[in-house]
Amino acid sequence: TQLLEQSPQFLSIQEGENLTVYCNSSSVFSSLQWYRQEPGEGPVLLVTVVTGGEVKKLKRLTFQFGDARKDSSLHITAAQPGDTGLYLCAGAKGATNKLIFGTGTLLAVQP
Amino acid sequence: GAVVSQHPSWVICKSGTSVKIECRSLDFQATTMFWYRQFPKQSLMLMATSNEGSKATYEQGVEKDKFLINHASLTLSTLTVTSAHPEDSSFYICSATYPGGTASTDTQYFGPGTRLTVL
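Residue numbers (my numbering), protein chains in the order written: chain Z, 4 to 114; chain U, 12 to 130.
Calculated directly from the structure, the hints in this document are not laboratory data.
Think of the CB as a built atom: it goes at the ideal place given N, C-alpha and C, for glycine as much as any other residue.
This list has only true hints and no planted wrong ones.
Taking lysine-lysine pairs in the DSSO-like style, the calculated list, with each CA pair at most 30 Å apart, reads:
hint	chain 1	residue 1	chain 2	residue 2
1	U	K77	U	K66
2	Z	K96	U	K66
3	Z	K101	U	K31
4	U	K52	Z	K59
5	Z	K73	U	K52
6	Z	K101	Z	K73
7	U	K25	U	K66
Covered stretches of chain U (in silico footprint by chain Z; criterion: 3 or more residues with CB under 8 Å from a CB of chain Z, positions within the stretch not fixed):
hint	region
8	50-61
9	118-124
Model the full structure from these sequences, guided by the hints.
The structure is reproduced here in structure tokens:
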């Protein structure tokens, strides 16, 4: 059972456009992480959000954790070809540090 | 810091043979490591949790006799795919937990992955 659903599944946009990726669940998570993965490589951590309602910014990327800690969003402003990759959210539950990964969003930014 | 390596980065083997993949935390000690499997353009599926000095915990549907995990030290975990078959071909990724004080602040750092192709 996939507990974390990401939308959209695929996204192809032009350089300079804005986009938002959503990560939704019916479960509550103690923390949520966002990763970006390029083909043939392991995921690279972008951010960890812990507090409900928390907003974190990383240059052109803005991450938000839902108030109820069940969902999160990633907003990219003025996307660039270097943003191309597979974006994954992952939630941690309770006392365990085991991560449950989202279904993934494949982003392609065309120059 | 917090670098995780995997070896080999890719391997091709014949059906029926066994393949060992190593996962190392290079600059920190990781009491817990995780093994994932990933199919093309799909997300990561957790296979097992590996704790130093104890038996691995496998996720539902993962055959423990087929995917042998050994966590001999705080910096090394190995995954052995026994009697590999073409359906075992996949991208295998490990991660190591960098301790942050509590489980909710621990961060997982991922290795670069190992591409296994079984002919």
